[in-house]
Amino acid sequence: MSRERQGHTLQTTALINEAYVRLVDQKNVHWANRSHFFAISAQIMRRILIDHARRNAYAKRGGGAQQVSLDEAATVTSARGSEMLRLDEALKTLATMDPRRSQVVELRYFGGLNNEEIAGVLNVSENTVTRDWNMARAWLYQQLSESAAN
Amino acid sequence: MTPERWQQISRIFKSAISLDGAARAAYLANQCGTDESLRSEVEKLLSSHRQASAEDFIGGRAADDGAVLLVTPEELKPRLEKGQKLGSYLILDQLGAGGMGEVYLAKDSRLERTVALKVLSPDISEDQRRMQRFRQEAKVASSLNQPNILTIFESGEIDGLTFLATEFIDGETLRSYLNRERLKTAETIDIAIQVLTALEAAHEARIVHRDIKPENVMIRHRDRVVKVLDFGLAKVTEKRTATQHDLDAEAVTEFKTTPGVLMGTINYMSPEQARAATVDERTDIWSVGVMLYEMVTGLMPFGGPTSSHTLVQILDKELPAFPKVVDAPAELQRIVRKALAKSPDERYQTAKDFAIDLKSLRRQLDVKRSVDDTDQEPDDKRAGKEPSKTRVLVFALVAMAIVTAAFFGWSVWRAARARSSSVVIPAPGPVTPQPERRLTYSITVQEFRNGKYEPPYTMAAEVSFEPKDRVRLNVGSPQTGYLYILNEGPRDGSAVPEYSIMFPSASANNGSPLLAAEQHILIPAEPHWFQFDTQAGVERLWLIFSEDAVAELESVRRFASKETQGVIADMTQNKLIQDFLTTHSATKPETEKGETLTTLTMPGKLLLYPVRLEHH
Chain A
620 MSRERQGHTL QTTALINEAY VRLVDQKNVH WANRSHFFAI SAQIMRRILI DHARRNAYAK
680 RGGGAQQVSL DEAATVTSAR GSEMLRLDEA LKTLATMDPR RSQVVELRYF GGLNNEEIAG
740 VLNVSENTVT RDWNMARAWL YQQLSESAAN
Chain B
92 MTPERWQQIS RIFKSAISLD GAARAAYLAN QCGTDESLRS EVEKLLSSHR QASAEDFIGG
152 RAADDGAVLL VTPEELKPRL EKGQKLGSYL ILDQLGAGGM GEVYLAKDSR LERTVALKVL
212 SPDISEDQRR MQRFRQEAKV ASSLNQPNIL TIFESGEIDG LTFLATEFID GETLRSYLNR
272 ERLKTAETID IAIQVLTALE AAHEARIVHR DIKPENVMIR HRDRVVKVLD FGLAKVTEKR
332 TATQHDLDAE AVTEFKTTPG VLMGTINYMS PEQARAATVD ERTDIWSVGV MLYEMVTGLM
392 PFGGPTSSHT LVQILDKELP AFPKVVDAPA ELQRIVRKAL AKSPDERYQT AKDFAIDLKS
452 LRRQLDVKRS VDDTDQEPDD KRAGKEPSKT RVLVFALVAM AIVTAAFFGW SVWRAARARS
512 SSVVIPAPGP VTPQPERRLT YSITVQEFRN GKYEPPYTMA AEVSFEPKDR VRLNVGSPQT
572 GYLYILNEGP RDGSAVPEYS IMFPSASANN GSPLLAAEQH ILIPAEPHWF QFDTQAGVER
632 LWLIFSEDAV AELESVRRFA SKETQGVIAD MTQNKLIQDF LTTHSATKPE TEKGETLTTL
692 TMPGKLLLYP VRLEHH
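First to last, the sequence lines map onto chains A and B.
No gaps in the numbering here: position 141 of the first sequence is 760 in our numbering, and each next residue is one more.
No gaps in the numbering here: position 367 of the second sequence is 458 in our numbering, and each next residue is one more.
Errors might be hidden in some of the hints.
[As the list claims (entries may be wrong)] When the alpha-carbon atoms are kept at most 25 angstroms apart in a straight line, the in silico DSS-like pairs for lysine-lysine are as follows:
hint: 1; chain 1: B; residue 1: K443; chain 2: B; residue 2: K429
hint: 2; chain 1: B; residue 1: K666; chain 2: B; residue 2: K684
hint: 3; chain 1: B; residue 1: K105; chain 2: A; residue 2: K711
hint: 4; chain 1: B; residue 1: K415; chain 2: B; residue 2: K429
hint: 5; chain 1: B; residue 1: K459; chain 2: B; residue 2: K415
hint: 6; chain 1: B; residue 1: K135; chain 2: A; residue 2: K711
Derived by calculation from the structure, the hints in this document are not laboratory data.
Please construct the entire structure, taking both the sequences and the accompanying hints into account.
See below:
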């Protein structure tokens, strides 16, 4: 999931809107503060992406006949979907060992927050966030490389 | 891996990462001792760290990376090709593809007109809820008839494809224009005024757009006329009251968007939308405010890397002042600030009020400009766009000299079996036996195309006119009665429009409102014409035909003099006229359109009808 600039602005917007809709749907949630709000947003974005990835994977299995006409975009989609799912699994594993580092990844990657903001949300120093990020990302990268190789 | 092992690894990793070469090796040897597996774990992680950094692994936003998940190969492939036919539509080109489907340029072979054909993607046409939205869009937008709102011609389903045919605008979205160019203050204001004019019409019909943003605003290349698109998210406001009567009400009342579910682009969302609270017309005011801010400064007033950042800003952040480098009048900043008040109650309450402030600022800027550069070369096109002309609906006679001549030159039109022009119509004899009023009118048009006027033709329909087109009205009745024709001017900020009396006039019909049966009058009289200028708008000509003289109108006949040119320069009188028209236009006459003639029939002794002349 290296940074690629692909022309999917519309879809990005759609995703963000979807996240937004789910966010405001949490009617009963009383927003304790900004931090709480950001944390929930990141979780929601993660859930949405995973849902889409799952649906894609499911469609692939179900629609075998259609795969004949799959073009490049579909290949990208399917690769990206499975990466998303593996990242999600790895993050879950990470959370069992080190919940804070897992949350740093969630806030940064899914929530789009910068280190300073994450430090605010988690009430730790910015240096700690940087260190957590480095470690978590390296470990996730390793997990994904290994699972891809298998 | 146990949490303890993980902690151990991460502690070593954290320090090792800041060391390199021999120092790192020495540190690892020291920390791991004989635990080879620990050392190998840490080294693997360090190597992964290097690669992850180099590849910028998860370095972007998940929303960008995952966007591709929403694209399916079917969506990427256009379903119609050039030359293909969908019903009576011949596909000429693909214009684009978006979230809801594809848009094609097509020719409607029935009417020989070019249209934009929006074809819905299959997963939408199979989705009940979204289909509902699509139908609403078609319904809502087609119930609005205003030059700044995209016209919808038809919607339906052919060969399993759901489509919407709309007016084709050869232009670009405000978004693409903003991406390309930095707008001048005057142009910014002009665009905002036109968007507000569209919204004014929508709001009058109790329709809130809810998704005003530069992507939904198009600017036509030819004349820079602005069109607002996509009333798909619109919904009728809840506070609709029983006293409001509008013809389109039925078309739009029965639908609602799902409560609590927010649709729209976050950056232009109002605080009340952001809270998923009830929204009304004032949410559109906010969105225009955001757009105006963006046009002036090139920046978003509220926005962050994620939707939650943006949301927090919309709700809490004070509006940032225009950057110092932006050369915008202080008044514009005040206007934007008022539009972007967090509380709807502190905002402009109507699109009209908002537009009034912009128009008056525009006038000030023009005055200033003409003082600044006095020897500016005359430029016809520019003059045509002059906003100092506050009349949005400009309906000018060919030239001022002709205005006067025409106005006082109106005379009784003599049909083939002409009467003498000096005939004084006798007092109303026994009036027609029918308990109803009947009036006919037709419009003679001379189109200005390719630099010259086409031969005139006569029609019944009220079509859209182009700049420089000329029209003349022919009004008559099989009945005898009193005829009055009023031109309703723009309101320009006041609640009461200014009317001009066009018939009777000092010279036409010998100054009498009394029309004989089968007598026809031309407005203006030959050889004069009304000519449209370049400013888009709708001109309303009220036809009032009564069995008896109408007291409210008799009292303003004195304004039909050479000095006043028919303009009723008396607000009390204008108010009386407005009340009169409002009271009596509650019931609409039955209209029957023939090939070249429209027949209006209304029960009772009085008939009222506004002829709408719309022009781009």
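Could you tell me which of the hints above the structure violates, numbers in ascending order? Hint 2 is the one this structure does not satisfy, whereas the remaining hints hold.
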